Amino acid sequence: MLNAKPLDTGSDKPGSASVEPVQAEISGRGTRSTSSRSRRTRVRVVGLLVLAGVLVLSVGASLAFGSGPAGPSDVLAIVTGQRTPQAWIVIGHRVPRTLLGLLVGAALAVAGLTMQALTRNPLADPGLLGVNAGAAAAVATCIAFFGITDVRGYVWFAFAGAGVVALLVYLLGSQGRAAATPERLVLAGAALSAVLTAYSSALVLSNTNAFDEFRFWQVGALVNRDMSVVTVVAGWIVAGLVIALLLSWPMNALALGEEIGRSLGIRVGQVRAAGAVTITLLCGAATAAAGPIGFLGLAVPHVLRFLLGPDLRWLMPYSILTGSILLLLADVLGRLTAGNGELEVGIVTAVLGAPLFIALVSRRRMVRP
Amino acid sequence: MTLLTSPPSASKGRTVRHRAVTGRWIAVSLVLLAGIAVLMVLSIAVGTGYPIPPTEVVRSVFGGGDEDARWVVFTLRMPRTIAAALVGAALGVSGGILQGLSRNVLASPDLIGFSAGAATGGLIQILVLDAGPLAVAIGAVLGGLGTAALVLLLSRRAGSGGTRLVLIGVGMGALLTAVNGFLLTRADAGEALSAAVWLTGSLNVRTWAYVVPAAIVLGLTVPFVVALSRPLRMLELGDDTAIALGVSVRRARPMLVALSVLLVAVAVAVAVAVGVVALAAPQIARRLARSPSMVLVPAGLLGALLLVGSDVIAMRVIAPAQLPVGIVTAAVGGLYLVWLLSAQWRAGRG
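Sequence lines, in order, name chains A and B.
First residue of the first sequence: 2, per the working numbering; consecutive thereafter.
First residue of the second sequence: 12, per the working numbering; consecutive thereafter.
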């Protein structure tokens with residue numbers, strides 16, 4: 002039985018009452034003075050702008066630094082229209098890689114946010130709908146049966162695999178008269194993921210070459226992806242982000258409970274379906290392009306909720322920016338720290354993010370057990 | 012099913028208690044026991060290389076039968092089958108405890124970072140230190156216990172609360188999974204492959220040397236499992252309710268967690284196939300027993316059934332080669348859970 006708890010109301014700025022801001026705005030009455038609310042709004046807008054600036058810097062860092070010989074001077078040269086000998090590294094490798102980092106980071110963070118909002122479960126990871134397992138199974142099939150070992154070859158299959166599995170999960174969850182509640186979807190996703198992971202393992206473990214390829218895909222990396230990969234997933238990710246942003250308000254209302262949501266005019270079934278579609282698009286495309294990078298989708302929304310509270314209209318844009326920044330910075334770090342080679346971004350994200358996440362979860366007083 | 016329906020000071024001085032051991036519970040448990048027995052005989056009968064008819068197996072067990080057959084049964088096959096049953100039971104109970112404590116159907120030893128820690132310990136032994144099987148098993152157990160201890164320590168400092176424990180466990184698990192990924196991608200392909208095979212869980216070459224200590228340890232835990240079943244059910248209702256119902260939360264919760272971790276440690280030392288059994292068995296058992304709360308004994312029995320059955324399939328499906336049992340467990344457990352969920356949802360039982 003999934004405990005259908007609403008999200009934690011993260012403790013707000015000191016000095017203000019910790020009351021559901023959404024509830025206040027719905028009822029039309031402010032439960033705190035207007036000036037303090039608008040002050041908080043201003044702080045958050047400034048925060049967004051600061052994050053946007055950090056994002057620009059991260060993009061710059063991602064373009065400028067790496068394991069190859071190109072450096073910041075080359076980037077500046079390109080910007081001013083010249084071409085240095087190492088420009089091809091920046092243009093051919095780092096631009097697609099940076100774009101992918103932007104897209105994948107934002108996609109995972111927002112997918113995780115949507116998943117947690119949909120299931121009202123702080124443990125929810127976007128991969129729970131079986132998307133990761135579906136993509137992995139498709140990739141394993143490609144590598145083992147078709148001999149496709151390049152990401153450009155199997156990215157479409159991976160995305161299709163993710164989509165098919167999400168559909169199966171949804172079909173499984175909507176059997177019978179009751180609707181496909183999030184609890185059902187998660188259980189169905191977990192069960193199907195187990196089966197698919199078994200299939201992938203069986204394929205990959207019986208074939209050394211297949212295993213050799215697969216183990217690198219499995220840690221999650223942005224390396225060896227060029228613009229063709231970006232163009233495959235960019236459209237889906239952008240579409241998913243747009244839908245997610247549009248769903249902020251309905252999902253806010255749903256967080257108060259199904260009945261309240263319904264009485265506010267929210268079509269619960271449709272919102273949930275749209276949410277599931279969003280998660281599939283975002284997480285499926287991200288995993289197809291970069292492999293399963295698991296931790297971002299769980300941790301970023303969690304941390305942001307501590308800082309900002311449960312209002313999805315703030316959490317969404319913050320997630321987009323934060324997810325992109327974190328993934329880009331992790332990627333840059335991975336390029337710089339491993340001497341000759343590189344540390345895959347999936348590894349860096351977890352190794353850096355997990356201790357911070359643990360520290361945060363340990364220290365913060367949770368409102369709900 | 013209603014829980015405590017009247018306070019202890021009820022009119023006639025009698026308390027109406029929630030009966031966990033319902034008729035359905037007993038029926039399910041008996042059926043599961045029978046199933047386990049049947050599958051164990053089957054497992055011994057169809058094991059690789061030297062097939063023995065099931066009747067011969069039964070005769071050997073009870074002392075009669077051919078000398079060769081008896082040797083095969085007792086020396087080669089039975090330890091493996093018993094190991095499967097013990098590991099499955101341990102995982103089922105462990106998963107049930109964790110799911111009950113965190114009130115979350117997705118809780119499994121994976122989620123307290125135990126599996127990832129065990130994997131890291133084992134992988135370091137295999138890939139870095141190039142150690143033998145005993146050292147690998149010890150490494151896995153130490154890795155798992157160390158991680159679980161760290162997670163518990165961190166969550167204790169943070170204050171009690173099932174969700175927080177699991178959150179910290181998830182974070183630790185993610186960290187260690189990344190480390191494992193690093194180890195697997197930096198090793199030579201062939202070594203990495205055999206390490207990955209080890210990771211999925213295997214019951215090959217499990218002798219009495221593995222089984223006897225495991226059986227002793229698990230046997231010692233049985234009274235604890237029985238004694239802590241009721242506190243677990245009460246804890247599922249929430250800390251406050253549990254305290255009001257007379258459960259010492261401060262003592263029961265750490266004991267339950269310790270029990271769960273111990274069970275998983277034994278399972279990992281023997282076979283490493285954690286994960287799906289611990290996740291699926293409690294859920295399936297609960298639904299079969301139509302119980303609103305965790306049922307630990309059926310969960311253990313179902314775990315044993317699942318693993319023994321998976322072992323039979325693993326030994327036969329691509330004969331003469333053997334599949335790692337962990338793969339079959341995931342497939343069988345997952346499929347069965349899918350079927351069960353589907354059947355229940357279609358019948359309208361959420």
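To be clear, the hints were calculated from the coordinates, so they are not data collected in a lab.
This one's a predicted model, so the numbers in the text were calculated from it and none came from an experiment.
Ideal Cβ placement from N, Cα and C applies to all residues, glycine included.
Don't take every hint at face value.
What the hints assert, rightly or not - Ranges of calculated distance between the beta carbons of each label pair, as one might list FRET restraints:
id : chain 1 : residue 1 : chain 2 : residue 2 : range
1  : B       : Asp141    : A       : Asn225    : 52 to 60 Å
2  : A       : Asp227    : B       : Thr218    : 46 to 54 Å
3  : B       : Val32     : A       : Val44     : 38 to 46 Å
4  : A       : Gly148    : B       : Ala332    : 20 to 28 Å
5  : B       : Asp141    : A       : Asp227    : 35 to 43 Å
6  : B       : Thr86     : A       : Asp227    : 56 to 64 Å
7  : A       : Phe307    : B       : Asp199    : 54 to 62 Å
8  : B       : Ala358    : A       : Gly270    : 17 to 25 Å
9  : A       : Val57     : B       : Leu351    : 48 to 56 Å
10 : A       : Val269    : B       : Leu41     : 41 to 49 Å
11 : B       : Leu351    : A       : Phe307    : 52 to 60 Å
For each hint, the structure was consulted:
1. A hinted range of 52 to 60 Å is violated for the C-beta pair Asp141(B) and Asn225(A), which are about 30 Å apart.
2. The hint said 46 to 54 Å for the Cβ distance between Asp227(A) and Thr218(B), and at roughly 52 Å that hint holds.
3. At roughly 57 Å, the beta-carbon separation of Val32(B) and Val44(A) lies outside the given 38 to 46 Å, and the hint is violated.
4. Between Gly148(A) and Ala332(B) the C-beta distance comes to about 22 Å, which sits within the given range of 20 to 28 Å.
5. Judged by the Cβ atoms, the range 35 to 43 Å given for Asp141(B) and Asp227(A) holds: they are separated by roughly 38 Å.
6. Between Thr86(B) and Asp227(A) the Cβ separation comes to about 58 Å, which falls inside the hinted range of 56 to 64 Å.
7. The supplied range of 54 to 62 Å is broken by Phe307(A) and Asp199(B), whose beta-carbon atoms lie about 43 Å from each other.
8. Taken as a hint, the range 17 to 25 Å holds for the pair Ala358(B) and Gly270(A), whose Cβ atoms sit roughly 21 Å apart.
9. The hinted range of 48 to 56 Å is satisfied by Val57(A) and Leu351(B), whose Cβ atoms lie roughly 51 Å apart.
10. In this structure, Val269(A) and Leu41(B) meet the distance hint of 41 to 49 Å, their C-beta atoms being roughly 42 Å apart.
11. Hint check: Leu351(B) to Phe307(A), Cβ distance near 37 Å, so the stated range 52 to 60 Å is violated.
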